[in-house]
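The two chains are supplied separately, each in an independent frame; assemble them into the complex guided by the hints.
These protein sequence lines map, in sequence, to chains A and B. So the number in the working numbering is just where the residue sits in the first sequence, counting from 1, plus 97. So the number in the working numbering is just where the residue sits in the second sequence, counting from 1, plus 1031.
It should be emphasised that the hints constitute simulated quantities derived from the structure, not laboratory data. Nothing false has been slipped in among the hints.
A few chain B positions that, by computed beta-carbon distances, are all more than 10 Å from chain A: (1) Y1035; (2) V1064; (3) E1066.
Below, in silico cross-link-like pairs of lysine to aspartate or glutamate (EDC-like), each with a Cα-Cα straight-line distance of 20 Å or less: (4) A:K173 - B:D1079; (5) B:K1077 - A:E181; (6) A:K165 - B:E1081.
Covered stretches of chain A (in silico footprint by chain B; criterion: 3 or more residues with CB under 8 Å from a CB of chain B, positions within the stretch not fixed): (7) 155-161; (8) 473-483.
Note that the Cβ used here is the ideal one computed from N, Cα and C, for glycine as well.
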Amino acid sequence: MASQLQSAADQAGDEPALVVIVGTGLAGYNTAREFRKHDKTTPLLIISRDAGDFYSKPMLSNALAGNKSAAQLVMKSAQTMASELPASVRPRTEVVAIDTAARSLRMHDGSAIVYRDLVLALGADPIRLPLAGDAAADVVSVNDLQDYECFAAALDGAATVAILGAGLIGCEFANDLLARGIAPTVIDIAERPLARLLPAEAGDQMRAKLEAAGVAFRFGSGVARVERASRGYRLQLLDGTTLQADLVLSAIGLKPRTALAEAAGLVVERGVKVDRLLAASQPHVYAVGDNAQVDGLNLPFVLPLMQQSRALGATLAGKATPVQYPAMPVVVKTPAWPTVVCPPPVGSHGDWTVVHDDAQCRAEFFDAAGALAGFALQGAATAQRQALAARVAPMLPALLD
Amino acid sequence: MKTYLCIVCGFVYDEAAGMPGEGIAAGTLWKDVPESWACPDCGVAKSDFEMVQI
Chain A
98 MASQLQSAAD QAGDEPALVV IVGTGLAGYN TAREFRKHDK TTPLLIISRD AGDFYSKPML
158 SNALAGNKSA AQLVMKSAQT MASELPASVR PRTEVVAIDT AARSLRMHDG SAIVYRDLVL
218 ALGADPIRLP LAGDAAADVV SVNDLQDYEC FAAALDGAAT VAILGAGLIG CEFANDLLAR
278 GIAPTVIDIA ERPLARLLPA EAGDQMRAKL EAAGVAFRFG SGVARVERAS RGYRLQLLDG
338 TTLQADLVLS AIGLKPRTAL AEAAGLVVER GVKVDRLLAA SQPHVYAVGD NAQVDGLNLP
398 FVLPLMQQSR ALGATLAGKA TPVQYPAMPV VVKTPAWPTV VCPPPVGSHG DWTVVHDDAQ
458 CRAEFFDAAG ALAGFALQGA ATAQRQALAA RVAPMLPALL D
Chain B
1032 MKTYLCIVCG FVYDEAAGMP GEGIAAGTLW KDVPESWACP DCGVAKSDFE MVQI
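Okay, chain B solo, but in the shape it has when bound (with noise of 0.2 Å):
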């Protein structure tokens, strides 16, 4: 399980976490979370998120 940080706003998603409120189980791996997903804090694209290692 990995971390990947928003590079725009710093909002953190967390692998393990996923986040139930916006239905993605948590366990939903980064590569799984749809393409049209946006940040949830600043509304940036999935390919703007960067990977942060762990």
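Bound conformation, chain A alone (with noise of 0.2 Å):
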């Protein structure tokens, strides 16, 4: 492939040829795959900062029950992404400094490249909670295949986890957890979980099925110290109460990687702001996937990701193509009650209209004109997904010429 990166830079003369994305998670090759749906020719340097083999970052909390492996989580490897693409797919190499005027990176050994347009598909990293004890740093997070077999290795023995908050992630690792049998106790400041996405009653009955498939809660208290004990960790809650586990995952949400963004002189909200067409504030740097707030919104979720590797695919193919966002309800993988929640757009004004029984629940969200602008689907009601969902506006609706 340096042949062609090569032969590509003397055709081109002056003007660089070259697309450079920069990030090998789902945002990245997805951005790549569908720019490759419309040209096939222009060269494309794709960097990785660890092996740059592509899987599935959703999959990584609930791969125990399905005994997966970190080896079996790729689906496929660097090489074969590269020659399937094509790519040029350079992994274990760290960009350090984004150079828009002179549209260059300069990598970790000192090398820089020149592109003729630049995708930032950085990602997230784990927000930590500033924990006291001596036990502090060996809080595990799982953003990352590397962080899950580290995870699945330490499990070996455990019998009993702590997690860190009791939001999409937490809830579906402890899920996820008791298929190897491991007892989680899942611990959040909030009285319920996916209390930012669920109405109370959705969130109590999520509660309830978690609890009689062997979840124990910890609601209304933060952790404040983690120690080593005689056995594993003890952890000191907030509220004066204690509890031992064998391991302590942290699952409380996710900062877009915006360090590199910032330096660079672009310009960065929660994340690196791009505008309809994933395009940030200097020419030539477009943001996709978890690092980008698009439009305002930084939503780290699967559908919007796709959308915007969609629409980003054809921009840099040379057909401007603003992203568009339908109703994107997220799926929370939790076996024990399977849910599906499409929240309402922030600040929307309304009330919540909910039905349940032990089966199923069936949580509207009507704002104050009378239109449906959320659900949250549960049990036997997640069938119904599609057609609520369609009966939701568009999140970001297409422009008007």
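Right, here's the structure in full:
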């Protein structure tokens, strides 16, 4: 592939020809795949901090039940991706600086690359609580394949795991750990699981079903200290109670990786600020996936990421395509109580209407005008997902010409 | 009857179960699922699915 890059540079003269994607997660590789559907010849370089193998991050929080090793979660190796796309994939390479005026990147080894267009698909880092105690640094989080490999290895011989955070990832891991015969305890300062996504009744049902399956919860208090104990760890909660666990997993949310963009002078708010074309504040720079704040929204889920990848793939191929978001339900992979939630837009006014029994829960959020603006479905009611999603207004509708 | 895995998000299509909620009857073979069908969890096209051996 090096010769392909070289010959492309020769042909282009002064105008750089190379499209560079930084990141080989779902955002980076799917943008590459979508770009290649429109343009099979422009040289494409994809830079990865890790091995560059293609895997699906959402699968990390339900891989134990399938008894999957990290190696088995690799869908395609970096080499396979490189030959299928085609593209040059440079693994174990860190981009340390971007010069947007010169349109160049500097790598950790001092080498430099000039780009035609640059796509930042760096993802997000787990948020870490400021914990006290001599074992605070032993708290793990699972944010990529390598993390999962370490986590799965650390579970050998473990009987109990404390999970910090009862959000989507925390609940998914709790459910998944049951498959390994491990007793999870989930701790959250909120009053119920998925408190930011679900109405109270649906959250309470999630709690009841997970408890029935073997998950323990401690609500209304956070963790203050993590200390080494004779076996595993001793957690001290803010309410003064304690808890023993063989392993402590933190799952309290994600923070977009924006340091590189910020240092390059790009506008960064929650994520790298981009418009509906995924274009950042300087020409020829784009952002996609968990590190992007698109038209004000940072949504670290698969559906928006795929919508972004499709639009950007076309834009990079010369067909400017603003991203559109339909209603995008989020699946919570908790087999003990299957849940799909389509949260109402932030700041919308209205009320939840909830109907539930032991087998299902159907919650609909109607806005002030009486329109369906969001929903949550659980158990048997999850089958109604498509029907309800079709009735919710798009989050980012098509732009009128 | 076989199952198919979405390589993007891990969604599994089980031919035996179908997806009655989306109008795909139980027992519908993967080859008979419309080409226009997209993964309900992540929206990828049918061509991005991969077969899982069972």
